[in-house]
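There are 4 protein chains.
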Amino acid sequence: MYLDSFKKVALNYRAIFFDAFGVLKNSSGIIPGIQDTFDFLNANGIDFYVLTNDASRSPYQLAEFYQRNGITDIDTDKIISSGMLARDYLRHKVKDGRVAYLGTKSSAIYLEAMDLITIPISKLDLDHRKTNEIRVLVLLDDEGFDWQTDLNKTINLLRRTNVPVVVANTDKTYPVSEDEVAIAVGSIASLLEKVVGKKFIHFGKPDAQMFNFAFQHINQNKSYQKEEVLMVGDTLHTDIIGGNKFGIDTVLVLSGNTIPDQAEFFIKTTGIVPDFICESIAT
Amino acid sequence: MYLDSFKKVALNYRAIFFDAFGVLKNSSGIIPGIQDTFDFLNANGIDFYVLTNDASRSPYQLAEFYQRNGITDIDTDKIISSGMLARDYLRHKVKDGRVAYLGTKSSAIYLEAMDLITIPISKLDLDHRKTNEIRVLVLLDDEGFDWQTDLNKTINLLRRTNVPVVVANTDKTYPVSEDEVAIAVGSIASLLEKVVGKKFIHFGKPDAQMFNFAFQHINQNKSYQKEEVLMVGDTLHTDIIGGNKFGIDTVLVLSGNTIPDQAEFFIKTTGIVPDFICESIAT
Amino acid sequence: MYLDSFKKVALNYRAIFFDAFGVLKNSSGIIPGIQDTFDFLNANGIDFYVLTNDASRSPYQLAEFYQRNGITDIDTDKIISSGMLARDYLRHKVKDGRVAYLGTKSSAIYLEAMDLITIPISKLDLDHRKTNEIRVLVLLDDEGFDWQTDLNKTINLLRRTNVPVVVANTDKTYPVSEDEVAIAVGSIASLLEKVVGKKFIHFGKPDAQMFNFAFQHINQNKSYQKEEVLMVGDTLHTDIIGGNKFGIDTVLVLSGNTIPDQAEFFIKTTGIVPDFICESIAT
Amino acid sequence: MYLDSFKKVALNYRAIFFDAFGVLKNSSGIIPGIQDTFDFLNANGIDFYVLTNDASRSPYQLAEFYQRNGITDIDTDKIISSGMLARDYLRHKVKDGRVAYLGTKSSAIYLEAMDLITIPISKLDLDHRKTNEIRVLVLLDDEGFDWQTDLNKTINLLRRTNVPVVVANTDKTYPVSEDEVAIAVGSIASLLEKVVGKKFIHFGKPDAQMFNFAFQHINQNKSYQKEEVLMVGDTLHTDIIGGNKFGIDTVLVLSGNTIPDQAEFFIKTTGIVPDFICESIAT
Numbered sequence: 034m035y036l037d038s039f040k041k042v043a044l045n046y047r048a049i050f051f052d053a054f055g056v057l058k059n060s061s062g063i064i065p066g067i068q069d070t071f072d073f074l075n076a077n078g079i080d081f082y083v084l085t086n087d088a089s090r091s092p093y094q095l096a097e098f099y100q101r102n103g104i105t106d107i108d109t110d111k112i113i114s115s116g117m118l119a120r121d122y123l124r125h126k127v128k129d130g131r132v133a134y135l136g137t138k139s140s141a142i143y144l145e146a147m148d149l150i151t152i153p154i155s156k157l158d159l160d161h162r163k164t165n166e167i168r169v170l171v172l173l174d175d176e177g178f179d180w181q182t183d184l185n186k187t188i189n190l191l192r193r194t195n196v197p198v199v200v201a202n203t204d205k206t207y208p209v210s211e212d213e214v215a216i217a218v219g220s221i222a223s224l225l226e227k228v229v230g231k232k233f234i235h236f237g238k239p240d241a242q243m244f245n246f247a248f249q250h251i252n253q254n255k256s257y258q259k260e261e262v263l264m265v266g267d268t269l270h271t272d273i274i275g276g277n278k279f280g281i282d283t284v285l286v287l288s289g290n291t292i293p294d295q296a297e298f299f300i301k302t303t304g305i306v307p308d309f310i311c312e313s314i315a316t
Numbered sequence: 034m035y036l037d038s039f040k041k042v043a044l045n046y047r048a049i050f051f052d053a054f055g056v057l058k059n060s061s062g063i064i065p066g067i068q069d070t071f072d073f074l075n076a077n078g079i080d081f082y083v084l085t086n087d088a089s090r091s092p093y094q095l096a097e098f099y100q101r102n103g104i105t106d107i108d109t110d111k112i113i114s115s116g117m118l119a120r121d122y123l124r125h126k127v128k129d130g131r132v133a134y135l136g137t138k139s140s141a142i143y144l145e146a147m148d149l150i151t152i153p154i155s156k157l158d159l160d161h162r163k164t165n166e167i168r169v170l171v172l173l174d175d176e177g178f179d180w181q182t183d184l185n186k187t188i189n190l191l192r193r194t195n196v197p198v199v200v201a202n203t204d205k206t207y208p209v210s211e212d213e214v215a216i217a218v219g220s221i222a223s224l225l226e227k228v229v230g231k232k233f234i235h236f237g238k239p240d241a242q243m244f245n246f247a248f249q250h251i252n253q254n255k256s257y258q259k260e261e262v263l264m265v266g267d268t269l270h271t272d273i274i275g276g277n278k279f280g281i282d283t284v285l286v287l288s289g290n291t292i293p294d295q296a297e298f299f300i301k302t303t304g305i306v307p308d309f310i311c312e313s314i315a316t
Numbered sequence: 034m035y036l037d038s039f040k041k042v043a044l045n046y047r048a049i050f051f052d053a054f055g056v057l058k059n060s061s062g063i064i065p066g067i068q069d070t071f072d073f074l075n076a077n078g079i080d081f082y083v084l085t086n087d088a089s090r091s092p093y094q095l096a097e098f099y100q101r102n103g104i105t106d107i108d109t110d111k112i113i114s115s116g117m118l119a120r121d122y123l124r125h126k127v128k129d130g131r132v133a134y135l136g137t138k139s140s141a142i143y144l145e146a147m148d149l150i151t152i153p154i155s156k157l158d159l160d161h162r163k164t165n166e167i168r169v170l171v172l173l174d175d176e177g178f179d180w181q182t183d184l185n186k187t188i189n190l191l192r193r194t195n196v197p198v199v200v201a202n203t204d205k206t207y208p209v210s211e212d213e214v215a216i217a218v219g220s221i222a223s224l225l226e227k228v229v230g231k232k233f234i235h236f237g238k239p240d241a242q243m244f245n246f247a248f249q250h251i252n253q254n255k256s257y258q259k260e261e262v263l264m265v266g267d268t269l270h271t272d273i274i275g276g277n278k279f280g281i282d283t284v285l286v287l288s289g290n291t292i293p294d295q296a297e298f299f300i301k302t303t304g305i306v307p308d309f310i311c312e313s314i315a316t
Numbered sequence: 034m035y036l037d038s039f040k041k042v043a044l045n046y047r048a049i050f051f052d053a054f055g056v057l058k059n060s061s062g063i064i065p066g067i068q069d070t071f072d073f074l075n076a077n078g079i080d081f082y083v084l085t086n087d088a089s090r091s092p093y094q095l096a097e098f099y100q101r102n103g104i105t106d107i108d109t110d111k112i113i114s115s116g117m118l119a120r121d122y123l124r125h126k127v128k129d130g131r132v133a134y135l136g137t138k139s140s141a142i143y144l145e146a147m148d149l150i151t152i153p154i155s156k157l158d159l160d161h162r163k164t165n166e167i168r169v170l171v172l173l174d175d176e177g178f179d180w181q182t183d184l185n186k187t188i189n190l191l192r193r194t195n196v197p198v199v200v201a202n203t204d205k206t207y208p209v210s211e212d213e214v215a216i217a218v219g220s221i222a223s224l225l226e227k228v229v230g231k232k233f234i235h236f237g238k239p240d241a242q243m244f245n246f247a248f249q250h251i252n253q254n255k256s257y258q259k260e261e262v263l264m265v266g267d268t269l270h271t272d273i274i275g276g277n278k279f280g281i282d283t284v285l286v287l288s289g290n291t292i293p294d295q296a297e298f299f300i301k302t303t304g305i306v307p308d309f310i311c312e313s314i315a316t
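Chains as they are written, first to last, in this note's numbering: chain U, 34 to 316; chain X, 34 to 316; chain Y, 34 to 316; chain P, 34 to 316.
The shape of chain U in the complex, shown without the other chains (with noise of 0.2 Å):
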């Protein structure tokens, strides 16, 4: 398998989106010498942004674990998660009346949005006068709420209202230490899906969606063609499959889900094909 090195493909490019986990980051943190990548770009006038699965934290908190960590060059602008698009649709969508949501406190923000008012499930009464003045209900995070007392009044609520469901991330685990990993709110989201029947709304990589939300967001001051910009991630599925569908170009980075000895054999039988592959972004 030849390896590229990242710089030297980057040069070709006017704008990056960074997947975070596995490329910027792991469980034990920054992954080191991503700085001088920065400081590269930075050199060579190519614009950056991280594209994240993740609506537990706002941008402004996603933003703050860089900065905090040195990487200044990282700040509340250069995020698109996939919460802030969960929020595009409130605005769209719903613009008024009750949201229901499972997730913590701190992922609800996506929510404060127009003139909705936000209610954990935990807090919601089943009973039908109150059910009926929920408008939407949106997964946000798998942490905040007891999973057996609020997914069982999670189904019952979608029994008894029909309500479009919106899920802010559509990943089925994420990492909690090196080698242990934690259920993802989207998996929880397929469970419920299932249980009760219905199809729900959902956003984050691969779905086009995230990316052209993206596109948008580096298009508004500056002008953009797709071939000028590059997606990098360590997941065939969601990093990978999504940008080459979007039209842009695509690393595969081995640095964090896929490992050096099987990305050839993943790539092989999944058919998703990156443009170029590189150890890190350190590299």
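Be aware that one or more of the hints could be misleading.
What the hints assert, rightly or not - With a cut-off of at most 20 Å between alpha-carbon atoms, the simulated DMTMM-like pairs for lysine to aspartate or glutamate come out as follows: (1) Lys255(P) to Asp69(P); (2) Lys111(P) to Asp212(P); (3) Lys186(U) to Asp212(X); (4) Lys40(P) to Glu97(P); (5) Lys156(Y) to Glu145(Y); (6) Lys301(Y) to Glu226(X); (7) Lys163(U) to Asp212(X); (8) Lys186(P) to Glu176(P); (9) Lys138(U) to Glu97(U); (10) Lys128(X) to Glu260(P); (11) Lys186(Y) to Asp212(P); (12) Lys301(P) to Glu226(X); (13) Lys301(X) to Asp72(X); (14) Lys186(Y) to Asp80(P); (15) Lys163(U) to Glu213(X).
For the record, the hints were derived by calculation from the structure and aren't laboratory data.
Quick caveat: nothing in here was measured; it's all calculated off a predicted structure.
The hints should help you fit chains X, Y and P onto chain U, whose structure is shown.
For chains X, Y and P alone, coordinates are given in the frame of chain U:
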């Protein structure tokens, strides 16, 4: 839609398998009038059994419910539960060693076979030396553990050690009151299976192994042909398609999951066709 | 179920996306009365486009059907087809080399971009030196090839060489007469995907990329907000959930796939809720 | 990965089920050295049977292949095919009337039971009076019909009339030469099932009904315990998980579908663990 009289139909068979929930009982208790049906069956020398996807209680405990409610015809020997298949699997394929489980202490009775040591996931130490001793994981019930803590523990156990996972109940939900349901262990199993990407071993209707187990059970003393056995259930996707595939005749009753108004529509859209449709077994 | 007047609803928008089949036409031809609706839209300065999962014919050929049937308002520029997204993908990600395809010669017009050489699977030599030259496989139409021979050829091509596979129409079936349907290329794609175990790239409603492509298309000359655009379709699983997720308002019409009697039931069981329901666009 | 000697393993059992393809034969013919294994089994009084997902040929025709190739130990009585389960279903559940089928004339031999009249889909008149006479549809083989014409005819038959559909082989593909495979009728069944949205009745490994049928078949004359029976196969998803679930011991051989290099990886990622791994049955 033509409705048959259950008693008239029953007269053509020598043994009957009854699904429990929606056929014999509902969230309010025993379905009225079924004692009369059991008297009729007894008077006509027709044998009967309860075939249930339930591993939360032992056959003894399941029978006790009927006894307590005056249906004395249903004793322990009449109960065939999916939990019994899980025990059968352990007897044939595991024999000794440690069995981890998710479920109540009461459900763990199904694991008490031969020289097995049972340990709930909540008490399991994820240390490698400890997980290496686990020979099989059994999913018994949705109660008896903290979902968030123990499901996350389970996926990390399954990432670490490669043991078979047995699911002792394939149901998606079960009723808890007239208009509320709860997520059953079958749905939890699907969630885990999807997250870890492994194939579990599922026991329960509509799987042929459940019907075969029941058929062998009733053939221990007497000798029945498949033509002489009738399956009665309220659910097309478990009772009816399972019975049809096993080669026995089937009755759909409208006293449970399948609402009279929608029976014809569901039969048409699913292609699952019962041999008979009856309002309930009390008619 | 409350039915809205389509014209009244339309007055609140500046541009409308119409699904083709079941909205503008059916197996008997143009749906009666729609010319009057187009006159009304024109008189009120409301723009409109046809948004169709169709890659069997070019936009020019698709428009011709309407022209021939007296609906002169629909010309080539008004047609946005899923085939156009496949072409867009090739333009961004493939650029040159050989493209293999399944479909009619007429559907292959979508592949005529840049320096691509097109070759139907039927003419492809499975010899390794030849398959190595293939850069991408595109599934365009269910017609134009022998299914048994060419689908078997396709799976062996995909086992031999690892190229992206683009599906230019995600529909499962399409109507061929009042009471008959045919298997569409979307279903054929699912079959192949399952057999070879690879992930294909699918274009068409309900995918956000289709809506985004259409939205950019209409924003080339004028400037529309999402709030000013309306999606009109006869299918909950494509038109309605796709429009809702993209953030535009949606109308379900009952002149096609969704039978009036079942509309409410399907909305309730799927959880896909249109903003409005109209008998047809001619009302 | 530790490899066992097949003969040593075999000595602990009284009866052995062999998968056919990848175990006894491959695309070049009989796997060398297996006659010696059969002599060994005979000398030690170990009984053996062929358990195959094949409904394209009768047991007589399947046995003929082995006879013709010098393996005289395998005669008709030794063959247990998934086609036999389809026949068994018809015997118990259909008995008389018209049976429509997809497959070759030679595969239709499985339908010749009792008073059934068989009719290939190609000869079926879709007129309502004719389709109403159909009692069941059986999918036997991928050969013997025009895919496009007859699969489209089949979905319209299933939209028009609500009959059970029996699939006599659940395999996805089968090998046709050293490096080419063909789409099997199991994949065609999945395509149709998805298109019409109905549940079919599938027979074949890994389903318990196949193992149970085989177990009863060998228990007609002698009396075997599950502990005395061994399943030998080359495929984790059919032979091994099916045997494990049925409660018998399993051997994975590396002479077919599962390549030696990947055996350990596949066992680990699928969670399907054979009791033994052998290079082939000739060792």
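Earlier hints that do not hold, by number: 1, 2, 4, 6, 13 and 14
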